[in-house]
Amino acid sequence: MSLDKDQVQQIATLARLKLSEDEYAESVKKLSKIVDFVDHLSAADTAGVIPMAHPLDVAQRLRPDEVTEPNDRDRYQENAASVTDGLYLVPKVIE
Amino acid sequence: MGLHTKTMSELAAGLGSGDFTSVEVTQALLDRIAGHDAKLNALITVTAEAALTAAAQADADRAAGNIGALNGLPIIHKDIFCTRGVKTSCGSKMLDNFVSPYDATVVERMAAAGAVVLGKANMDEFAMGSSNETSFYGPVHNPWDLECSPGGSSGGSAAAVAARFAPAATATDTGGSIRQPAALTGTLGIKPTYGRVSRYGMIAFASSLDQAGVITRSAEDAARLLGVMAGFDERDSTCLDEPVPDYVGELGNSIKGLKVGIVRQHFDEGLDADCGMKVKEAIAVIESLGATAVEVDMPNIDYSVPTYYVVAPAECSSNLSRFDGVRFGHRAENVEDLFDLYCRSRGEGFGDEVKRRIMTGTYVLSAGYYDAYYLKAQQVRHLIADDFKRAFEEVDVIAGPTTPTPAFRLGDKVDDPITMYLNDIYTIGANLGGFPALSVPCGFVNDMPVGLHLVGHHFDESALLRCAHAYEQATDWHTACPEDFK
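Same order as they appear, the protein sequences are chains A and B. Last residue of the first sequence: number 95 in the numbering used here, and the count goes up by one each step with no gaps. Last residue of the second sequence: number 486 in the numbering used here, and the count goes up by one each step with no gaps.
By construction, these hints were calculated from the structure, which means they are not laboratory data. Nothing here was measured: the structure is a model prediction, and the numbers come from that model. The beta-carbon is built from N, C-alpha and C at its ideal position, and this holds for glycine as well. Be a bit skeptical, because a hint or two may be false.
With a Cα cut of at most 25 Å, we get these calculated BS3-like pairs of lysine-lysine [to be verified]:
{"id": "1", "chain 1": "B", "residue 1": "Lys259", "chain 2": "A", "residue 2": "Lys29"}
{"id": "2", "chain 1": "A", "residue 1": "Lys18", "chain 2": "A", "residue 2": "Lys29"}
{"id": "3", "chain 1": "B", "residue 1": "Lys389", "chain 2": "A", "residue 2": "Lys33"}
Partner residues aside, some chain A positions facing chain B, computed with beta carbon under 10 Å [unchecked claim]:
{"id": "4", "residue": "Ile11"}
{"id": "5", "residue": "Phe37"}
{"id": "6", "residue": "Ser82"}
{"id": "7", "residue": "Lys92"}
Sample of chain B residues with no beta-carbon within 12 Å of chain A, all distances over it, derived [claimed, not checked]:
{"id": "8", "residue": "Ala13"}
{"id": "9", "residue": "Thr21"}
{"id": "10", "residue": "Ala48"}
{"id": "11", "residue": "Glu147"}
{"id": "12", "residue": "Gly227"}
{"id": "13", "residue": "Gly231"}
{"id": "14", "residue": "Asp246"}
{"id": "15", "residue": "Val248"}
{"id": "16", "residue": "Ile255"}
{"id": "17", "residue": "Asp272"}
{"id": "18", "residue": "Lys376"}
{"id": "19", "residue": "Ile384"}
{"id": "20", "residue": "Glu393"}
{"id": "21", "residue": "Glu472"}
Chain B with its partners taken away, still in its complex shape (with noise of 0.2 Å):
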């Protein structure tokens, strides 16, 4: 078995017996990478020769019995995280030339844990997309068929977690851009709770929505490492100052007892039947295993949708204008005078989709309809919100699918920004909110991966990772890997 094929917490062990250095796996996977990525496109950005000099300092590390949490462990990083030294371009022509000053928080715990970053991941244009096809470095392409999308925005690190590029990448959710890319290609993505994680570093989207998470191959991967990214961090004003428990530790805690809300809306005409099937599947399994499940009410949950474009369009279009062709980013040349720099530069800088956000935000904030748009979706926000909190008195867990169909083709939907909006339907729901949610593998429908969605309350990651492992124990989904890429 090559060492591609190993988890996080399989490379751990083997690491830590001396059966391989990190040097070793290093080189394997930057091999793989070269090899397969131009099939994918799942890297904008390969940092090939620092990942070899921290591999060599984390061997070093443990030689010396100095061992982090993630000693020697690849990673690759969504390229919306602000790396030192390296192009971080937010898959954007705005920030092609864009060579961070800094560290993101997670970045910066991530290698005092002594992880190894092979690169940059590809994504949608400033996270804006469910399809990876808004990038200006190109489509990202789904392991399990190249002519698929592999979801987004976090497309390309989906597609190099399931091509076993690495065992992880850390990603970012606004509406559903960890779950959704998840779900398509067979990996298990998890967004924490709005604040868990810090955002420092992180270019930011829709912020009162945006969350860093990851995206693995088993839940005890993806515990791992929330346990090092999450907590307090005084550099983001939103990170929330709660005590993080030992995920790893809890994780083999019993399910039994647990209660599964079942939101009937959730199982609608809208849900490819096939897919419904596989989800129905996956929740008698849990039940099997001690859980008891019961349908719960979400009257607001139809409004998830048109709420999100409004607030995320709204914040978008206020944190979008730091882009000024001023500062950083791309700008325009033979310019008039200052508002000509500021139009051209933002025009020539970012893509339709991006743009089409900007312009959305605008209008729904601008004056004579921030009553009727903005103010009003704040509030359906409030009774969505609501409709969850009023579960979570009766439930541990939600469960349901998490995208209505498997992957589709590239280029299907990219003409027609509602068909793509709405993708994103069984997910917003726990951006809206501020809940944390994942999406683990629970089987294939045509040959393609489908994922199961689980949402938990506020600051409970841990029953979502505890039901997702006591899921990945009794089934297999989890484990399969697209067949050119074994």
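For reference, chain A alone in the conformation it holds in the complex (with noise of 0.2 Å):
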């Protein structure tokens, strides 16, 4: 199946990524390319077969809910573009 403009401008709006018209027109082509590839899996007869939720069959493992990490925000913070008394500063989302 094709993918048209359209649908992958969707796709990248969903994803949060920023394309250049030059990319637009090769993510068209290679994404179709793709998905056509991926189409195969149709033919799979899947009749009654539980989808695999881990390789190993095994469930999460849970861990009591407490708190076991030290509090490194200032280190962590080192690798923000923009922060100040400890907040982490993106441009303004409510009027």
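Using the hints, put the two chains back together into the complex; each one sits in its own frame.
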């Protein structure tokens, strides 16, 4: 199944990716190829097959909800582009 | 013989008998990297000063009788493993400015055992690629032919070990990213069972497939390192609490009576005829050592690649949503609003292949397509895993080619994603089912190395290492060194 530019635009918006015009053209072409390729799966007979949730069929381990990590906020925030008073700064969201 | 030619086990013996110190070994390898890496581009960061400090500490520890399992032994970490205070880029512009505030468990365990980190290896961006050409830092060159790719995504790790920059390097494998570059560079690469090694601090690509392993020049070194890396870690919720055997101790056990499965579909028209010949010769050697080969049927194995290219991008699109330009990573400038900040930071920070996979994943998870793609792929995945499980009722290991061809030229496949994806046709099955797998050098085709692929049952890394070790005792492919890197 081929994808068109509108579909790719919709996907890019969902994925929060800004693409250039060239990237759109290239993506329409290559994503269509990939979708065609994975469409081969439709030939597999999967009636009654349980979707695999874990390679070893084990359930996710849980731990008690306790604080185990020390507060290292300052060190972690050294990697952020913009912080003030321990807060991450982003463009204004609410007017 | 220079110190760079020695395996980890040989270095350990020499350090033990006082023939040389860790500082001497470390300096020799750092000199080698400085002299040769311009040709390969195998490293993103060299941590020379920290390495010499760690080596001096290791020598002091040894003198004081405090000798860890990896005391004074040099290693290179793939730049996907977080290393405290050192840039951890994952091969991406997105993390070009990221200095990790903590160590991955793998890094921490090796350091605690006394290992000396020489630097961080180049890789495909976020481990998405099979040629190392998607790295923000440029492609890695294959030491056997600089015009060729070393494979990927752990191409820097493999090239560095093949070029004798270090006896071993850590690596990660989501669909073949340890084993394919190992095969294409004449090194040994092992991907352990899913959940065997902690993924804490290993930057996530596809969480139900990712696993950490190593690339070395001998099965013995892989056994030594796996013994240090493997084992339960409560900081990784997918890490399994299973006993870790003495991998080195079990290496010497005979492979007499070992049953080796051969998958018919792995030798069909997709395989280069000369590669197929080398692999068949290798299987004959293993039979001559007392193993028996039988054919096993895996009717669903041909669905491996399309299944992978639904599941892995789906998980990647979810995992990489953390890169938002706010808490860490690249942030776009002069943005209009928060939405623009997200879109532009990600648009600028990610390369083409990563964007493609995020979009593929977003598509297969989106409303209206989820059942047809993601759910369907997870069902087919079950069928493929069941093929393996049925086979392992009959055999101990499955043997075949690691790759369909020897190393290809840089630039040859980069424009066609499907051709590139098919490189992993023989390796992906093990990831889908969570099985351990290994590639060991088994000869040359047109002067380029090829690998024998071995897959084992869950938690039976020992059988793979034992088989590879026995094969190495009977052949010398694993000792071959590229002419320009002797």
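Broken hints, by number: Per hint list: 1, 3, 18 and 19 violated.
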